[in-house]
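Taking the hints into account, I'd like the entire structure generated from these sequences.
One line per chain: the protein sequences are C and S, in this order.
Counted from 1, the first sequence has number 182 at position 156 by my numbering; the numbering is strictly sequential.
Counted from 1, the second sequence has number 164 at position 138 by my numbering; the numbering is strictly sequential.
Incorrect hints may appear among the rest.
In this list, chains with the same sequence are indistinguishable; a pair is considered to hold if it fits within one copy or across any two.
Claimed, not checked - Calculated pairs, SDA-like style, for lysine to any residue (alpha carbon to alpha carbon, straight line, at most 25 angstroms):
hint	residue 1	residue 2
1	K606	N413
2	K215	T462
3	K69	A43
4	K606	K632
5	K215	S428
6	K215	L458
7	K619	E554
8	K390	P145
9	K632	L737
Hint data in this document are derived by calculation from the structure and do not stem from the laboratory.
What follows is the residue order along each chain.
There are 2 protein chains.
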Amino acid sequence: MQCVTGPYNQLDPTDLAPIFAPATVAVVGASDRPDSVGQAVFKNLLQYGFRGTLYPVNIKAKSVGSVRAYAALADIPEQIDLVVIIVPASQVLAVIPQAAAKGAKGAIVISAGFRESGPAGALLEQDLLAACRQHGIRLVGPNCLGLINTDPAVRLNASFARRSPLTGHIAFISQSGALCTAVLDFAAKKNIGFSKFISVGNKADIGELDLIRYLHADPQTKVIMLYVEDLRYGREFIETVREITGGDNPTPILAIKSGRTSEGAAAVSSHTGSLAGSEAVYNALFEQSGVFRAQTIEDLFDTAMAFASQPLPRSNRMAIITNAGGPGIIATDVTINSGLRLAKLTEDTNEVLRSHLPATASIKNPIDVIGDARSDRYQAALDAVLNDEGVDGVIFILTPQSMTEIEETANVIPALARRSGKPVVASFMGLLDVSTGVEILEQNGIPHYQFPEAAARTMSALYQYSCWLHRQHLKEYDLTVDRQRVTQLIGQAMAAGSHYLGEIEGNEILAAYGFPVMPGALATSEDEAATAVTRLGRCAMKIVSPQIVHKSDVGGVRIGIATEEAARIAFREIMAAGHKVEGAVIRGVLMQKMAASGVEVILGIKRYATFGPLIMFGLGGIFVEIFKDVSFRLAPIRRNGAHHMVRSIRAFPMLNGARGAALADITEIERCLMRLSMLATDHPEIAELDINPLLVHEDGSGCSVADCRILLSPPTEA
Amino acid sequence: MQCVTGPYNQLDPTDLAPIFAPATVAVVGASDRPDSVGQAVFKNLLQYGFRGTLYPVNIKAKSVGSVRAYAALADIPEQIDLVVIIVPASQVLAVIPQAAAKGAKGAIVISAGFRESGPAGALLEQDLLAACRQHGIRLVGPNCLGLINTDPAVRLNASFARRSPLTGHIAFISQSGALCTAVLDFAAKKNIGFSKFISVGNKADIGELDLIRYLHADPQTKVIMLYVEDLRYGREFIETVREITGGDNPTPILAIKSGRTSEGAAAVSSHTGSLAGSEAVYNALFEQSGVFRAQTIEDLFDTAMAFASQPLPRSNRMAIITNAGGPGIIATDVTINSGLRLAKLTEDTNEVLRSHLPATASIKNPIDVIGDARSDRYQAALDAVLNDEGVDGVIFILTPQSMTEIEETANVIPALARRSGKPVVASFMGLLDVSTGVEILEQNGIPHYQFPEAAARTMSALYQYSCWLHRQHLKEYDLTVDRQRVTQLIGQAMAAGSHYLGEIEGNEILAAYGFPVMPGALATSEDEAATAVTRLGRCAMKIVSPQIVHKSDVGGVRIGIATEEAARIAFREIMAAGHKVEGAVIRGVLMQKMAASGVEVILGIKRYATFGPLIMFGLGGIFVEIFKDVSFRLAPIRRNGAHHMVRSIRAFPMLNGARGAALADITEIERCLMRLSMLATDHPEIAELDINPLLVHEDGSGCSVADCRILLSPPTEA
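Written out as structure tokens, the structure is:
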């Protein structure tokens, strides 16, 4: 393995096998000292029943946890696959070459005292990573809780977690070690099982992306949960994860990202010293890679439970079965508000329901089997709706009433659900009386929620993922661009030391990428202005001076100039106004053909060091400034992305013929967004770019760039 | 007691004493039949330990639950305060006069088969109510689960709930009986205690408002929770409840209202046959009456627990204490997003924290006591921040790590919290390991949440209520209106059979209430048009014809007419255009002085049968139509309400000088909203009214009504 210098190291996921499924593990810093981390980790490894061989390494002890200890790695009589390191930070580095000498391919560094502790620790971490790279060792941590693999063939609990997880199908990757312990505790009570459990710590080497790639190939893992405070890659994350969540053999990924508010982000940086990305970037990142973003930890679990056990609904037509009106109404509200619909039952289904339910029951969806329903009535209703072609999933609600058969009813669900191939989620309301029923549901893979709201929300998440999997891939536009010309223009500007490009250079750059810029010319005399207006027709005239940014404020703008005479007068006035501005070098007056009127939209680029260029779209003026009604994507985008960007602003109806207005040329906006993405991707010197406004004309009549500005800066290594 | 015909019967709340605290209770329909409701109710009454005397009434049985039974009420040897009725619906009516004969003042009718079952049941319910009114009996139900009073001096469980609640300070009023059973189950596990528990059923007589008034006077009740599907009063609810939530001796009220979506509302009407109000009305209703609207059942409980045990924060400056970074960040995000702030700790507090916490701890808020913190470190941190004048409340987070002292830490909180007089909420994350600690918190009145998000959200609810209690009452505007004139104008229009009033009559009505209408005159000849323009100045001219609603479409509008000549030409053209419209009677041309330009806003009235007039405010055009950016209040409003309406739209910055625009005349908008409220309240014939647009000029320059329409209809009994 080589030392990696590029941004993200697309290593073979089998690289992680020595870490997740080693045959031999050495624990450097294993200890019998009460309450020490070295004791906790070794005890976990031993008690969880690791299938391979464990070697404690402790310079002083003869044995640890009754297992013969070795003073140094070198003393161990066989090859070691994985070393788990718990010694003080200052001693960690020295362990790596020793581990390499024993053939180790993986290391889990639990010790803290690295990047999170300050500049000295950060240097130590750099050295640690370099040593690992040099010796071909992949590294988890440092500063982490460790890692757990519940695979019965491995049973590796290389962590100091208080509690071991049940075996299951959810993989959990967490940037917070403490959250891991809380989550294990929570999951134990809820009968939630895990496949792998990884605390990534400082992510010096192995981060979320490596783990996602490994877990995607892991047959035990059906769904991946992430707790993220920061991510270090944008483009690679999207490209890799999009394939994993949406390609063949898809694995759903659910994430919770904290540090949303600026205060939360401040807490992040004091906590991990890592860069907190902005909300917009993360939303774009998750959306583009098909990752479901949970709002709360509870939401994350609720959703994961359903993904781990339920098939996806084909569409959004839901049936609700309940033995009480109120909870049925509550579930209906949440169902509709989360983008699902109530299924319209067929006449056959109605017939079956009528024959099994009493006259007072409601056979209209939501189906109310009435408070005195025993399990047979529930069974008949569930069977009927699952057999209905027009039902894509079922939300099953039970309230504990005097006649309610809680366990029998719970027993009815799993087999019917499984046979139907449709998702079923349940809410047995309450905690005590229903607990035996809940236990039956949980152990038979029916996701259960205390209240019907969460059940409906979860069903909506399943449906959203189904939409992602079956999304249509629009045919790409065929766009030609003159990349070389822009490279040249940017090179010239940078060489001349100009980092702010106004309309003249900006329009040249945009024109080279096929943007609909308005023809124009720089006039340096009255005559040139007059000639230009004859050639171009009705013009706007704007002063050109690097020193004058707010052109209107100094009297440097005229619009609607249509005659030679008017052009001459305007030229004289503009130049005179310009010369009054102290220190301004006046290059002349830009004569630009005036565009037809249209809806004003804004297109923009903003480049982030970690994530690359973010593309923005929104309606101009107040819509951006007050309503913040904009959509974002990280470049590069495809047509699907552009399509979605345009349609995801709330003001989209204004482009789509609302209030009797003409339909705007939406496909041309999409093409402009694609061009913008190409420009941003091809030219890393473009730090910021605004087209404000782009005038969008009627459908078929295209768009016109009415103003633009570009900010250049030397590209940084991502 | 008299038969009530008015909308809401403001009876003395002590009327409900015989229902909540009877000395003698007869149970008509008590039974030993297994699984019968009659058995369940009598068993609950007996086993819960009612402090008074119970009499089962059963026509056949000699005894019920080993208690001597009576064949009829008349046979009972003493006066009865409360009858609980469980006999079939058809037999219920006959019980009422018998109960009255025994002196009963209250009845709980558990039996179903009334309004919820169809038209025949609805008639039966009417008769039942009439009988109760005639005999001076207050009625809970019919079609309900019953009622529980946990007061140790009473201990009345007149319900067929499977489970009895713990004694506590929360009163729960539910329109869904099934939800009651689920809630009791949930509450038992969470150690949540109740003062009173009422299933209101069909609310034939006693509804939420009566109960709220009674519970407000109940010393045992500290907070009231409502589950509502529909409410039957608007104005009375607001007026009464506003005093209860915000007056002296305030009682906080929390509500969950289901049937939000139209599908949910459809389920309501099939469920209870009751009218579902629109979302806007309920939001206005709750907001105006100071009721906190919970989003989910879980949210309702989370919030109630805090209200039942915690003091209110004085302001929104929160401290977060945690032993783990990740959860601290999560809590910070939710804290900020729910309108709270992170407190800035004083240098003294920092000093204390520094002296008690290790160097690696974060003493900046959120305070991270670090994973190896034992209870002493938590105690020092909590004590320090509670003593800080700049801290209004504390969110206390614990994750179960290897050194964590869960019980000891839990024991630290209650005394410190109580002594400080500041609210403290906790999240001990996880379920199993932390359960002993959670138990300690719950039993000592520290609200506990599984995850920190809910803890932070709850703190925000406490703060919102604190804002409500301490809200400033703005001095009312002094507005004079000519009510009689409008009564006369409306009377004339109704007499003439016209229900749609356009600008001429509309402006007269508005002018009588002091709205800034533009002076105008109806011209029926060229000469009149010319005279008018001389008198009024620059005019808009609009055709006047009851048949022509869309005046512009037929060429019936001219603007900016400034000279006599132009007025003559415009008059001729408009009349000619009008005469081309088949069947249109042309009354002439309205000459109206043109208003100065301004920001376009919309003011409106829409009257609802149950709730009275709803007042609307929003910015014109796209803001209403696409962004739905409007605010609502039920009339009457005071200046506080008008103030809030204007400021609660998202586009408010457009009126408030955003983007360098001039400040608009906001106080004049407020005055117009007050006038609108008076107009709506004084004249029940106004079914709908739109002022669209009202032009709002610069601050100090007032507003101008640019167009209006009014729809009249005969007032209905609310």
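> At most 25 angstroms between C-alpha atoms: does K632 with L737 qualify within a copy, between copies, both, or neither?
Replying inline: within (10 angstroms within a copy, 52 angstroms between copies)
> Given identical chains, is K619 near E554, meaning Cα to Cα at most 25 angstroms, within a copy, between copies, both, or neither?
Replying inline: Answer is within: at 14 angstroms inside a copy they meet the 25 angstroms cutoff, but 48 angstroms across does not.
> Is it within, between, both or neither when you check K606 against K632 at 25 angstroms Cα-Cα?
Replying inline: Result: close neither inside a copy nor across copies, 34 angstroms intra and 58 angstroms inter.
>> Cα distance capped at 25 angstroms. Does K606 pair with N413 within a copy, between copies, both, or neither?
In response: Intra 81 angstroms, inter 62 angstroms, cutoff 25 angstroms: neither.
> From the Cα coordinates, with 25 angstroms as the cut-off, is the pair K215 and L458 best called within, between, both, or neither?
Replying inline: both (14 angstroms within a copy, 6 angstroms between copies)
> When no copy is specified for K390 and P145, does a C-alpha distance of 25 angstroms or less occur within a copy, between copies, both, or neither?
Replying inline: Cα proximity of K390 and P145: across copies only (19 angstroms, versus 66 angstroms in one copy).
> Between copies, within a copy, both or neither: which fits K215 and S428 at Cα up to 25 angstroms?
Replying inline: between (27 angstroms within a copy, 19 angstroms between copies)
> Using 25 angstroms as the alpha-carbon threshold, which applies to K69 and A43: within, between, both, or neither?
Replying inline: Within one copy only: 23 angstroms inside a chain, 63 angstroms across chains, cut-off 25 angstroms.
> When no copy is named, should K215 and T462 be tagged within, between, both, or neither for a Cα gap of at most 25 angstroms?
Replying inline: both (13 angstroms within a copy, 14 angstroms between copies)
Checked against the numbered hints above, the structure breaks hints 1 and 4 and satisfies the rest.
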